[in-house]
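Next come the chains, spelled out residue by residue.
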Amino acid sequence: MTDLERRLARPATPTLDPVRVTAELARRADAEGLLDVAWATLETPLGPIAVFVTPRGLVRVAYDRENFAEVADEVAELVSPRVLMAPRRTDPVRRQLDAYFAKGRRAFDLPIDWTLVRGFNRGVLRATAAIPYGEMASYGDVAAAAGSPRAARAAGNALAGNPIPIVVPCHRVIHADGGLGGYTGGLDTKRFLLKLEGARPS
Amino acid sequence: MSLPPFQRLVDDHATELHRFLVGCVGPDLAEDCLQDTLIAALRAYPRLRHGDNLRAWLYTIAHRKATDAVRLRARRPKTVQLNGIGPAAEPRTAPASLPDDGLWTAVRGLPAKQREAVVHRYVLDLDYRQIAERMGTSPEAARQNVSAGLRRLRTEVDQ
Numbered sequence: 001m002t003d004l005e006r007r008l009a010r011p012a013t014p015t016l017d018p019v020r021v022t023a024e025l026a027r028r029a030d031a032e033g034l035l036d037v038a039w040a041t042l043e044t045p046l047g048p049i050a051v052f053v054t055p056r057g058l059v060r061v062a063y064d065r066e067n068f069a070e071v072a073d074e075v076a077e078l079v080s081p082r083v084l085m086a087p088r089r090t091d092p093v094r095r096q097l098d099a100y101f102a103k104g105r106r107a108f109d110l111p112i113d114w115t116l117v118r119g120f121n122r123g124v125l126r127a128t129a130a131i132p133y134g135e136m137a138s139y140g141d142v143a144a145a146a147g148s149p150r151a152a153r154a155a156g157n158a159l160a161g162n163p164i165p166i167v168v169p170c171h172r173v174i175h176a177d178g179g180l181g182g183y184t185g186g187l188d189t190k191r192f193l194l195k196l197e198g199a200r201p202s
Numbered sequence: 001m002s003l004p005p006f007q008r009l010v011d012d013h014a015t016e017l018h019r020f021l022v023g024c025v026g027p028d029l030a031e032d033c034l035q036d037t038l039i040a041a042l043r044a045y046p047r048l049r050h051g052d053n054l055r056a057w058l059y060t061i062a063h064r065k066a067t068d069a070v071r072l073r074a075r076r077p078k079t080v081q082l083n084g085i086g087p088a089a090e091p092r093t094a095p096a097s098l099p100d101d102g103l104w105t106a107v108r109g110l111p112a113k114q115r116e117a118v119v120h121r122y123v124l125d126l127d128y129r130q131i132a133e134r135m136g137t138s139p140e141a142a143r144q145n146v147s148a149g150l151r152r153l154r155t156e157v158d159q
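Residue numbers (my numbering), protein chains in the order written: chain F, 1 to 202; chain B, 1 to 159.
Honestly, the hints are just simulated from the structure, not real lab data. Take the hints with a grain of salt, since some may be wrong.
Claimed, not checked - So the derived label-pair ranges between C-beta atoms look like this: (1) F:Asn-157 x B:Asp-125: 48 to 56 Å; (2) B:Arg-71 x F:Pro-14: 35 to 43 Å; (3) F:Ala-23 x B:Gly-109: 57 to 65 Å; (4) F:Asn-157 x B:Arg-71: 52 to 60 Å; (5) B:Asp-127 x F:Gly-182: 32 to 40 Å; (6) B:Asp-101 x F:Thr-15: 48 to 56 Å; (7) B:Asp-125 x F:Ala-23: 26 to 34 Å; (8) F:Ala-99 x B:Asp-127: 32 to 40 Å; (9) F:Arg-105 x B:Arg-64: 28 to 36 Å.
To be verified - Every beta carbon over 10 Å from chain B, so not counted as near; a handful from chain F, in silico: (10) Thr-13; (11) Arg-65; (12) Arg-89; (13) Pro-201.
What the hints assert, rightly or not - Computed from the model, here is a short list of chain B residues facing chain F with C-beta under 8 Å: (14) Pro-4; (15) Pro-5; (16) Gln-7; (17) Leu-29; (18) Ala-44; (19) Leu-72; (20) Trp-104; (21) Thr-105; (22) Val-123; (23) Leu-126; (24) Arg-129.
Because the structure is a prediction, the values reported are computed rather than measured. Glycine residues also receive a C-beta, built at the ideal position from the N, C-alpha and C atoms.
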């Protein structure tokens with residue numbers, strides 16, 4: 001290798017701060033209408049939670065156990081691949097979740113983007129969103145509210161696939177006999193949220 | 001393969017793209033050039049039909065932005081010093097972070113393809129097959145661009 005080649009291999013490269021690069025890109029993307037999905041994570045008593053926000057509203061909330069990278073893949077495929085870390089656009093969501101976990105907020109006032117939920121499932125989740133803080137309903141109740149009183153099992157599937165847990169409070173849906181049923185974030189998480197709200201499943 | 005979230009492209013490639021751009025346009029313009037590259041890529045991204053070879057796609061855009069930046073700088077009028085009028089111009093010394101300023105000025109003066117090939121070869125330490133892949137040429141053309149670029153640099157830079 002010649003001296004010239006050696007010198008070419010050593011450019012004076014200023015260090016690049018990856019956080020600043022993404023922040024500046026997100027700012028420009030937002031200004032130019034290219035920020036289709038803003039992604040951020042927040043710390044909660046249940047561990048880290050990821051939130052994804054579109055210009056229409058909150059489209060996805062994920063627990064750590066779901067693997068954020070895989071959830072981001074899913075959002076890129078089903079919503080838009082223009083997904084960027086952009087905490088500022090998710091500020092209202094993060095503030096309201098923080099307040100909820102601090103028992104300072106009982107209802108979420110956030111626009112929801114229902115893109116990831118279709119048909120009957122959307123009806124079930126809309127009915128679920130109407131269950132008040134600290135109260136519980138059965139799978140049959142939400143099925144009935146969605147227009148199919150006999151579809152309790154299908155309602156259970158819709159809730160299991162809830163893309164926006166906590167904000168769409170599927171943890172408030174339990175079995176008619178008082179059994180806890182299931183939960184994407186795990187049954188401990190479901191118990192934690194019900195206890196936080198002061199609800200007492202039998 | 002479907003398209004990954006754009007954030008992953010930033011996480012995986014921004015640092016190396018920046019290094020490539022420092023070689024092509026210099027440290028003072030590289031970060032702006034990187035932002036221009038990323039925003040252009042983000043704009044076009046959903047129209048890609050598949051996620052194969054996203055790296056080569058990013059370098060095609062970066063190369064275009066670097067060429068634009070070099071051209072723009074060449075066109076920028078030089079400040080002239082008018083004797084006896086106003087304060088004396090600052091002496092043009094290279095900033096301390098650029099010990100090899102003469103060399104990099106010469107790199108920036110290369111024809112676009114030679115510049116890109118030389119930066120890929122030496123700054124990013126790629127072989128000719130990899131360079132060809134990123135530049136969309138044959139390995140032989142990549143080799144020729146590198147050696148033509150080197151020849152030209154040798155005549156222009158004191159060794």
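Against the structure, the hints:
F:Asn-157 and B:Asp-125 have their C-beta atoms about 52 Å apart, which keeps the hinted 48 to 56 Å range intact. Between B:Arg-71 and F:Pro-14 the CB atoms are about 23 Å apart, so this pair departs from the stated range of 35 to 43 Å. Range check, F:Ala-23 to B:Gly-109: about 34 Å between beta-carbon atoms, so the 57 to 65 Å window is missed. A beta carbon spacing of about 59 Å between F:Asn-157 and B:Arg-71 agrees with the range 52 to 60 Å that was offered as a hint.
For B:Asp-127 paired with F:Gly-182, a C-beta distance near 53 Å fails the hint of 32 to 40 Å. The given range of 48 to 56 Å is broken by B:Asp-101 and F:Thr-15, whose C-beta atoms sit roughly 19 Å from each other. Against the hinted window of 26 to 34 Å, the Cβ-Cβ separation of B:Asp-125 and F:Ala-23 comes to about 29 Å, which satisfies the hint. A hinted range of 32 to 40 Å for the beta carbons of F:Ala-99 and B:Asp-127 is inconsistent with their spacing of about 55 Å.
Against the hinted window of 28 to 36 Å, the Cβ-Cβ separation of F:Arg-105 and B:Arg-64 comes to about 48 Å, which falls outside the hint. With a least beta-carbon separation of about 5 Å from chain B, F:Thr-13 fails to lie farther than 10 Å from that chain, contradicting its non-interface assignment. Here F:Arg-65 stays apart from chain B, with its beta-carbon at least about 19 Å from theirs, past the 10 Å limit. With 10 Å as the threshold on Cβ separation, the claim that F:Arg-89 sits away from chain B holds: the shortest Cβ distance comes to roughly 13 Å.
The claim that F:Pro-201 is not at the interface with chain B holds, since no C-beta of that chain comes within 10 Å of its own (minimum 37 Å). At its closest, the beta carbon of B:Pro-4 sits 6 Å from a beta carbon of chain F; the interface hint therefore holds under the 8 Å criterion. Satisfaction of the interface hint for B:Pro-5 is found here, the shortest Cβ-Cβ separation to chain F being roughly 4 Å, below the 8 Å cut-off. With 8 Å as the threshold, the beta carbon of B:Gln-7 comes within range of chain F, its nearest partner Cβ sitting at about 5 Å, so the hint holds.
A distance limit of 8 Å between C-beta atoms decides the matter here; for B:Leu-29 the minimum to chain F is near 11 Å, and the interface restraint is violated. With its C-beta approaching chain F no nearer than about 10 Å, B:Ala-44 sits outside the 8 Å limit, and its interface hint is violated. A hinted interface residue such as B:Leu-72 counts as satisfied when its beta carbon comes closer than 8 Å to some beta carbon of chain F; here the least separation is about 19 Å, so the hint is violated. About 7 Å separates the beta-carbon of B:Trp-104 from the nearest beta-carbon of chain F, less than 8 Å, and the hint is met.
With 8 Å as the threshold, the beta carbon of B:Thr-105 stays out of range of chain F, its nearest partner Cβ sitting at about 12 Å, so the hint is violated. The beta carbon of B:Val-123 is positioned within 8 Å of a beta carbon in chain F (closest approach about 5 Å), and the interface hint is therefore held. Residue-level restraint check for B:Leu-126 is violated (minimum Cβ-Cβ distance to chain F is 12 Å; threshold 8 Å). Hint status for B:Arg-129: violated, given a least beta-carbon distance of 19 Å to chain F, over 8 Å.
Going through the hint list in order, the structure does not satisfy hints 2, 3, 5, 6, 8, 9, 10, 17, 18, 19, 21, 23, 24.
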